[in-house]
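Trainee: Start from chain A and add chains B and C according to the hints.
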Amino acid sequence: MNYNWNWAILIEVPYFDWLVSGLGWTLLVSALGWIIAFSLGSLIGVIRTLPSKPLRLFGMAYVELFRNVPLLVQMFIWFYVLPELVGEDLGRWMKRDMPFPEATSAILCLGTYTASRVAEQVRAGIESIPRGQSMAGYAMGLTTKQVYRYLLIPVGYRIIVPPMTSEFLTIFKNSSLALTIGVAEVLYQARQIENYTFQGFEAFTAATLIYLVITMIVVFITDRVEAKARIPGYGVQGKT
Amino acid sequence: MLAAFDFGVIGRNLPYLWEGMQLSLLLTGLSAFGSIVLGTILALMRLSGIKLFQWIGAVWVNFFRSLPLLLVIFWFYFLVPVVVQQQVDAFQSALIGFVLFEAAYYCEIMRSGILSISRGQAWAGYALGLRYSQTMRYIVLPQAFRNMLPILLTQTIILFQDTSLVFVVGLADFMTSAVNVAQRDSRLIELYVFAAFVYLVMCYFGSLYVKHLQQKMHR
Amino acid sequence: MIDIQNVNKWFDDFHVLKNISMSVAKGEVIVVCGPSGSGKSTLIKCVNGLEPFQKGTITVNDVSVGAKDTNLPELRSHIGMVFQNFELFPHMTAMQNICLSQLKVLGRSQSEAQDRTNTLLDRVGLEGLGFKYSSELSGGQQQRVAIARALAMDPFAMLFDEPTSALDPEMINEVLEVMQELARDDGMTMMVVTHEMGFARRVADRVIFMDEGEIVEDANTDDFFGTPRSDRAQLFLSKILQH
Chain A
1 MNYNWNWAIL
11 IEVPYFDWLV
21 SGLGWTLLVS
31 ALGWIIAFSL
41 GSLIGVIRTL
51 PSKPLRLFGM
61 AYVELFRNVP
71 LLVQMFIWFY
81 VLPELVGEDL
91 GRWMKRDMPF
101 PEATSAILCL
111 GTYTASRVAE
121 QVRAGIESIP
131 RGQSMAGYAM
141 GLTTKQVYRY
151 LLIPVGYRII
161 VPPMTSEFLT
171 IFKNSSLALT
181 IGVAEVLYQA
191 RQIENYTFQG
201 FEAFTAATLI
211 YLVITMIVVF
221 ITDRVEAKAR
231 IPGYGVQGKT
Chain B
241 MLAAFDFGVI
251 GRNLPYLWEG
261 MQLSLLLTGL
271 SAFGSIVLGT
281 ILALMRLSGI
291 KLFQWIGAVW
301 VNFFRSLPLL
311 LVIFWFYFLV
321 PVVVQQQVDA
331 FQSALIGFVL
341 FEAAYYCEIM
351 RSGILSISRG
361 QAWAGYALGL
371 RYSQTMRYIV
381 LPQAFRNMLP
391 ILLTQTIILF
401 QDTSLVFVVG
411 LADFMTSAVN
421 VAQRDSRLIE
431 LYVFAAFVYL
441 VMCYFGSLYV
451 KHLQQKMHR
Chain C
460 MIDIQNVNKW
470 FDDFHVLKNI
480 SMSVAKGEVI
490 VVCGPSGSGK
500 STLIKCVNGL
510 EPFQKGTITV
520 NDVSVGAKDT
530 NLPELRSHIG
540 MVFQNFELFP
550 HMTAMQNICL
560 SQLKVLGRSQ
570 SEAQDRTNTL
580 LDRVGLEGLG
590 FKYSSELSGG
600 QQQRVAIARA
610 LAMDPFAMLF
620 DEPTSALDPE
630 MINEVLEVMQ
640 ELARDDGMTM
650 MVVTHEMGFA
660 RRVADRVIFM
670 DEGEIVEDAN
680 TDDFFGTPRS
690 DRAQLFLSKI
700 LQH
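Residue numbers (my numbering), protein chains in the order written: chain A, 1 to 240; chain B, 241 to 459; chain C, 460 to 702.
With the rest of the complex left out, here is chain A:
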């Protein structure tokens, strides 16, 4: 293997700045996407457990649709196809005036996609609570809304803390797909460094380390959260 090593490239101007700004975009896209994924996913997950059949069907259709189309295809549809389908005025706005059209599309895409995964976890969490719990709630005279508000959701969410960690890491890793529509996140920048300098080894190593370190930080933090959220004697779904 003959290869001209040059690790110094990573701290040279402008390559270091590229990586930093790439990391910034990665974190921004992941975080905003996560807000959508968590709120929308929770809503759809709860909907899938409700007594109303049309609502349950809607929830199921959402999950199946987003889960069975590759994320890359979804990314292209959000960015290239949607502006053409939403009517002329909105379409023109999306193409011309929407701030950061690439990043916005990527955030919406990652958020709605990950929502389908979050929804499945939320549903599983709620369904894992024994039926006797909600019956006890109804027997006390609580309404459906109150049963969810005071019993199912608080318990369900504690059960699904560990899978939520891994879903956050999933959206973080998947945010790299945003490069296909031109968002200059970490991997985009690493490739750009490779193209400019031919130091692919160094550039990809830098990207690899960034992903590893962020993952470790997230796991470290969420381990703490998990310990707090655990209900004594209820941690069946925890790590094995």
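Read the hints as simulated data drawn from the structure, not as lab findings.
Just so you know, these numbers come straight off a predicted model, no measurement behind them.
Check each hint, because a few of them may be wrong.
In silico PhoX-like cross-links for lysine-lysine, where the CA-CA straight-line distance does not exceed 25 Å [as the list claims (entries may be wrong)]:
(1) C:477 / C:527
(2) C:591 / B:456
(3) A:145 / A:53
(4) C:563 / C:591
(5) C:514 / C:527
(6) C:563 / C:527
(7) C:514 / B:291
(8) B:291 / C:527
(9) C:514 / C:477
(10) A:53 / B:451
Reference listing, derived: stretches of chain B covered by chain C, where coverage requires no fewer than 3 residues with Cβ under 8 Å from a Cβ of chain C [what the hints assert, rightly or not]:
(11) 352-364
(12) 368-382
Glycine residues also receive a C-beta, built at the ideal position from the N, C-alpha and C atoms.
Mentor: Below, chains B and C without anything else, positioned relative to chain A:
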């Protein structure tokens, strides 16, 4: 507005798109086979009594599960030609990347499959005079594999979706073919909607089959 | 045949076996009994090396089980073992269960193995049921297949780890009868962990009573049932014989 769409472009390019789909399926099949084999070996390492093996297995799994697949694809597209010092087909580097990456996920599936087999089964094998390798091969792994078949298939459906990412290195799979036609004929909407539809139908029916299989097994 | 000397075993801090010494001579039938958690199942698994132990020695046919250079698969191929939960391989038919180790360990030919299997199935009263999967057999039938599976290796000794305690009451006898024939007609060397005191009285040469990881009593069958020397054995017997 719909009048502006020309879905005939799909019919005209169907043979080309089908070639792409064949490559997608081939890549999925070979990657799934390779990574299930490798993943099973890693699972056995993680469950072995040998500290070094446990460590290798754990590091492998945690390393690859921390990285985006896209990064791994770029890595191997760049790395394999440098290491072997000659031009390499993008298919081969993609295949290597997929096998090493997906093995981390299949490993965890096989690990829980092996753990789901009671200790008594292995004891019974040893008590008959079978060696470790024979006990695993004839008794534990066939049962683990069968119990995990639905989850292995689900992971393979995910793998099939993941193969669309080879678009970034220009390998002519179904996705790349769709993009090529879309750009050449300026028919982005038709082609992307069509691609989504094809993936949706294939993966949805795949997942229905998995559900059917699960119900059959629980009976 | 089986010689156990000063064996000690710990699960982490828990001392499961305390200075166990006992032996089984060729052709002898030994019943090991005692309350649950007394360590008897652990002890029998130590005999063919399924459970490791930390101190002491166990030799079977003059081969040391705990020694590093012992070829355990080879040794185990000469010791039959029957488990509490049968442990038939659920993905194989009864025939395949019994053939597996004949083919893979003894290197018998397919037809040789099948002939032997058919003979053994006849012998345990299951002629013609070789094509069944374990899920299609009753508990008693499964345990008899498991005995046939162990016998197929032509073992010089058999270990039984609570062979009837997972069975419904009406199936216990069909298994005990097979075991009794094995002892009487074949003169098989047997070490049997069981609560079946009727079987012990009829078949065993000696009875060993364990409690809290120790051997409390090791006596001839008649002496044991006549006048157990220890209070603990008396208490155990009075509890178990009431039923």
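Trainee: Next, verify each hint and record whether it holds.
Mentor: Each hint tested on the structure:
no.	hint	result
1	C:477 / C:527	22 Å, holds
2	C:591 / B:456	19 Å, holds
3	A:145 / A:53	17 Å, holds
4	C:563 / C:591	21 Å, holds
5	C:514 / C:527	13 Å, holds
6	C:563 / C:527	24 Å, holds
7	C:514 / B:291	23 Å, holds
8	B:291 / C:527	19 Å, holds
9	C:514 / C:477	10 Å, holds
10	A:53 / B:451	21 Å, holds
11	352-364	holds (count 5)
12	368-382	holds (count 8)
Violated hints for the displayed structure: none, as all numbered hints are satisfied.
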